[in-house]
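*Asks:* Chains as they are written, first to last, in full-length UniProt numbering: chain D, 1 to 113; chain X, 1 to 802; chain V, 1 to 140.
Keep in mind that the hints were calculated from the coordinates and are not lab data. This structure is a prediction, so every number in the text was calculated from the model and none was measured. Hints may be right or wrong, so weigh each one.
Heads up, simulated DSS-like pairs for lysine-lysine below, C-alpha to C-alpha not over 25 Å straight-line [said to hold, decoys possible]: (1) X:LYS23 / X:LYS103; (2) X:LYS695 / D:LYS99; (3) V:LYS58 / X:LYS695; (4) X:LYS369 / X:LYS494; (5) X:LYS293 / X:LYS549; (6) X:LYS647 / X:LYS707; (7) V:LYS58 / X:LYS789; (8) X:LYS613 / X:LYS735; (9) V:LYS13 / V:LYS58; (10) X:LYS25 / X:LYS107; (11) D:LYS99 / X:LYS103; (12) X:LYS107 / X:LYS22; (13) X:LYS549 / X:LYS613; (14) D:LYS99 / X:LYS789; (15) X:LYS735 / X:LYS647; (16) X:LYS735 / X:LYS745; (17) V:LYS13 / X:LYS789; (18) X:LYS647 / X:LYS745.
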Amino acid sequence: MELIMAIVIGILFMAAVYLILSRSILKIIIGTGLLSHGAHLLILTMGGLGGIAPPVLADGVTDYADPLPQALILTAIVISFGVTAFILVLAYRTYAEHKTDNMNLMRGNDEHD
Amino acid sequence: MEFVLLIFLPILAAFFVPLLFKKIKGIHTGWFVLLVPIALFIYYLGFVTTTLDGGTAVSELRWIPSLGISFVSYIDGLSLLFTLLITGIGALVVLYSIFYLDKNREKLNNFYVYLLIFMSAMLGVVQSENLISLYLFWELTSISSFLLIGYWNTRDRSRFGALKSMMITVFGGFMMLGGFILLGIMGDTYSIRELIAGSSALVGQDFFTLALVLILLGAFTKSAQFPFHIWLPDAMEAPTPVSAYLHSATMVKAGLYLVARFTPIFAVSEVWVWLVTGIGLLTLFWGSLFAVKQTDLKAILAFSTVSQLGLIMSLLGASAVAYHTDDALFKFAAFAAIFHLINHAVFKGSLFMVAGIIDHETGTRDIRKLGGLMSIMPVSFTVAFIGSMSMAGLPPFGGFLSKEMFLQSMLALQHFELFNFATWGIVLPVVAWVASVFTFIYSFYFVFKTFTGKQKEKPLPHTPHEAPFGMLISPVILASLVVAIFFIPNVVGKWLVKPAVVAIQPDLYTQPSDVAVHVLAWHGIRSEELWMTIALIIVGFIMYLTMHKWQKLYDIQPEYVSLNALYDAVMTFSEKGMNGLSRFYMTGLIRTYLLYMFAFIISITTATLFIKKAFVVDMNSFAPVSVYGMMIAIILVIAVGMVIFAKTRLSAIIALGAVGYSVALFFVIFKAPDLALTQLVIETVSVALFLLAFKHLPALSNHGETKRTKLVNAIIAAGVGITVALVALSAHSQKLIPSISQYYKDTVATEAGGGNIVNVILVDYRGFDTLFEIAVLSIAGMGVLAMIKLRLSRKENTDENK
Amino acid sequence: MKTNDVILQTTTKVVFFIIFLFSIHIFFAGHFAPGGGFVGGLLTTGALLLLLLAFDLKTVQKALPFNFIIVIGIGLLLSLGTAAGSIFFNVPFFTHAFDHFTLPLFGETELHTAMIFDAGVYLVVVGSALTMIQTIGGDA
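This is chain D alone, in the form it adopts within the complex (with noise of 0.2 Å):
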């Protein structure tokens, strides 16, 4: 499964990042969201995918599964949805203020040198 998993990850980081190398901002954010996902499915991975039981005390049971990347996972999660959400907000701001989402348009100016 981690061979699969692994291969998903690498699809996942690859969409991404051809996202957030062009130039619409809207694909920026898209991308940034699919590099979180990738991002916690790679956590998941390296702290491997066995075990029977999820990580909740019950009796008889003693293989479960590993928890610290599931705690881990669970604050990058939260946390990208508020980046996510502030980007959003950032990224229409930007538009509304300049009239453009293109990024090549958006690079200063010689004065700011």
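Take the given structure of chain D and dock chains X and V to it, following the hints.
*Replies:* Showing chains X and V alone in chain D's frame:
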């Protein structure tokens, strides 16, 4: 008392200067500042008795003991001599500046702060016994000199001169730091005394010569030796008290101090002897030759300073010869060097002050406009006359004695038998003599063109009159010292020079009284140096009288082949070149920067993986493939494809939601119920957010991305994807240290009283993370609110600069 | 967002309370079963979001007159206070305490200071998410 702290006294005093300047308007701030150098001078005078019989005093302040770096004030003959020069001339210069700088017009608070910083830095340079703290103070002198030269910062020339001196001396400082570090590595200590004690072990090490050259570069740039002398004439844009203090008496002598201090370590080297003597003589010749060309009084003095520094430098080089032979003939040089250093500080200080007086009282320093001031300014003339004659090397002034000793030392060098001196040694006295002739000429040129002859017809900017009394005190004191030194040279020698000589040549003498030099004004009619002096007076006088005929010859040299032109070209080139270079890679496009970052991530990570043989795949540890897992993976990949190839915003956002839900499903099958729940809800809320923000965003467009940029993006993206996949596999396959998870599993019920390990980690074991996380979330929320609600009313205020 | 969907509005009135109560349950269950402050907070957000979609912004604001920025502040204070409270009992920062109590109605219950911390998390999540949604939705 720990007198190392006294180094910092001027800096401490500097803190009060702005306050005094602001609060006490009636009294010139300089009077308060004056107390500092006077107090220090009197205090340090007390050490003269210590060094008189070769004693030293040490006081240490530990700074970074783990690296062997500390502030050590080490007082021996050499550092005491410099300390007295710094504080003594410092006091006179401050006194002079009180009358030179108007308290109502000038920014005295800045001026005296810079000056006091400089004083501390200079004391630090000459007293530091630790290489690193010496370097620190060394650079501080460069910086304070920069500030002082640029004191009139509204003038272009001031800023240019300040920058030039800074560029050159800081360049030298860096070289010197390199040399220091090499020395520190070779000798395994940064203490100068320990390095000198172990100097025999340093010789012959791989970097010995390199360290030598680097340290000399530092000394040469600071002491304005050829070809680095070009900063000194431009530094004359500084107020005259600064020129008198920094650029004749103290800072430029720091290089000489350094050479003298390191003589015991490097004197054994042939490179040292040749470089120091050779560059010194070349500078002496070059400076005196070009001093005659100048028309600005201060420029003449600047070039003459360059040339006199060269003279002392060459004497220091010659003093190193004494390490190679026992012949008494060569033992004059060190004495002569120190003696001339004192003489020069005294007469050049007075000359600068006179130049300042002339500038102040007539409004010009252009020698072509001046003339016949003798009757109007008799005191200034007398001071200038004494100073110039001492500089020219005429009796009965101090300069005569040291000039004679200089010629004597240069003559002696041709009898030295090592290092090809037998072949080339004869050149040295010849160059020395020619340079002395020019020295004679520019000394006469300086004093007589200004003070004698007729007044020029064109009126001067101010009606000339004698300077106020206070302004004359300092130059008169210095001028009387010039005369006094001539009559009591051996007293000066005993109290100041000989202890310093012992510090330069500790291997040769055990105590100052061993230095068997007795200064005589009259060496007998048969002495070579007497005839050299007589010849140079005759030739010099004839050339001075015919000067108007041959001075034009200087114009043959076109402006664009000078060293200054070279400096300008280098500066322009590096500025343009660096600008072009940064513009080449700093495109201003985020995409470009991201490309650099991703490319580095790919190359560094993959390279590390394979070079360190960290890429390991352990198939046995893999969990079995499940049917659900396969299905979700396929769905997820399809959704990702849809995101990338979506034509409209709506489809992209829905596809993104599909990706998120599939990730949630992954969490379900990998036994992570908390994650699955959170991910499901978050995904819902996120999609709602996207839809809310929808109406504010433009339609998807690729903004004319070409096939080529898309291809580059795709390649980089594929690289990142593959790299991450490799990292995921190898990170899973090898665990270098056991995970802490087992501890959590074991203690969750007993220590934390919980059952859901993930939640207990969040709120208890790693509660700090969560605390900061909710802080970040709050900031994001407030950021959103701020961006939307708190729009600055920019309609009426479009440009804040207006 | 003016909608007049009667079916949606009617169901929402019911579903909102179901989701909301579920979120409260999930929150309290968090220490022993899946759930906790994050999930609970997000579920509450989801419930309120549903309200917002069914009715319009103004109606919801009238019904729930909270300033969600203040909710964030209360949450942060609660969490930080719990963490800092341990200092007064002469134990290191962030040390939690728990014990068993017998309460009327609930019977034997384990009470935990971590729960108060989690409540802070819950409030911050609800406050932040709703601040974002309200401001974005209210931005004309």
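*Asks:* Each hint should be assessed against the structure and marked as holding or not.
*Replies:* Status of each hint after checking the structure:
About 13 Å separates the Cα atoms of LYS23 of chain X and LYS103 of chain X, which keeps this hinted pair within 25 Å; it holds. Simply put, LYS695 of chain X and LYS99 of chain D have alpha-carbon atoms about 14 Å apart, close enough for the 25 Å limit, and the pair holds. A distance of roughly 19 Å separates the Cα atoms of LYS58 of chain V and LYS695 of chain X; the hinted pair therefore holds under the 25 Å criterion. A hinted pair counts as satisfied when its Cα atoms are at most 25 Å apart, and LYS369 of chain X with LYS494 of chain X does not qualify at roughly 45 Å.
Using a Cα cut-off of 25 Å, the hinted pair LYS293 of chain X and LYS549 of chain X holds, with the two alpha carbons roughly 12 Å apart. Taking the CA atoms of LYS647 of chain X and LYS707 of chain X, the gap is about 17 Å. The hint holds against a cut of 25 Å. For the proposed pair LYS58 of chain V and LYS789 of chain X, the alpha carbon gap of about 17 Å is at most 25 Å, so the pair holds. Distance restraint check for LYS613 of chain X and LYS735 of chain X: the Cα-Cα separation of roughly 14 Å lies within the 25 Å cut-off, and the hinted pair is therefore satisfied.
For a cut-off of 25 Å, the pair hint linking LYS13 of chain V to LYS58 of chain V stands: about 16 Å separates their Cα positions. Under the criterion of a C-alpha separation no larger than 25 Å, the hint pairing LYS25 of chain X with LYS107 of chain X is consistent with the structure, at around 12 Å. In summary, the hint linking LYS99 of chain D to LYS103 of chain X is not supported, as the alpha carbons are separated by about 56 Å, beyond the 25 Å threshold. Of the supplied pair hints, the one linking LYS107 of chain X and LYS22 of chain X holds, its CA atoms being roughly 11 Å apart against a limit of 25 Å.
Between LYS549 of chain X and LYS613 of chain X the alpha-carbon distance is near 81 Å, which puts this suggested pair outside the 25 Å criterion. Our distance criterion of 25 Å between C-alpha atoms is met by LYS99 of chain D and LYS789 of chain X, whose separation comes to about 19 Å. For the suggested pair LYS735 of chain X and LYS647 of chain X, the alpha carbons sit about 44 Å apart, so the restraint of at most 25 Å is broken. Distance check on the hinted pair: LYS735 of chain X and LYS745 of chain X sit about 18 Å apart at the alpha-carbon level, within 25 Å; holds.
Restraint check: the Cα-Cα separation between LYS13 of chain V and LYS789 of chain X comes to about 30 Å, which exceeds 25 Å; the hinted pair is violated. Annotation: proposed proximity of LYS647 of chain X to LYS745 of chain X is violated, straight-line Cα distance about 48 Å (limit 25 Å).
Hint check: violations occur at hints 4, 11, 13, 15, 17 and 18; the rest are consistent with the structure.
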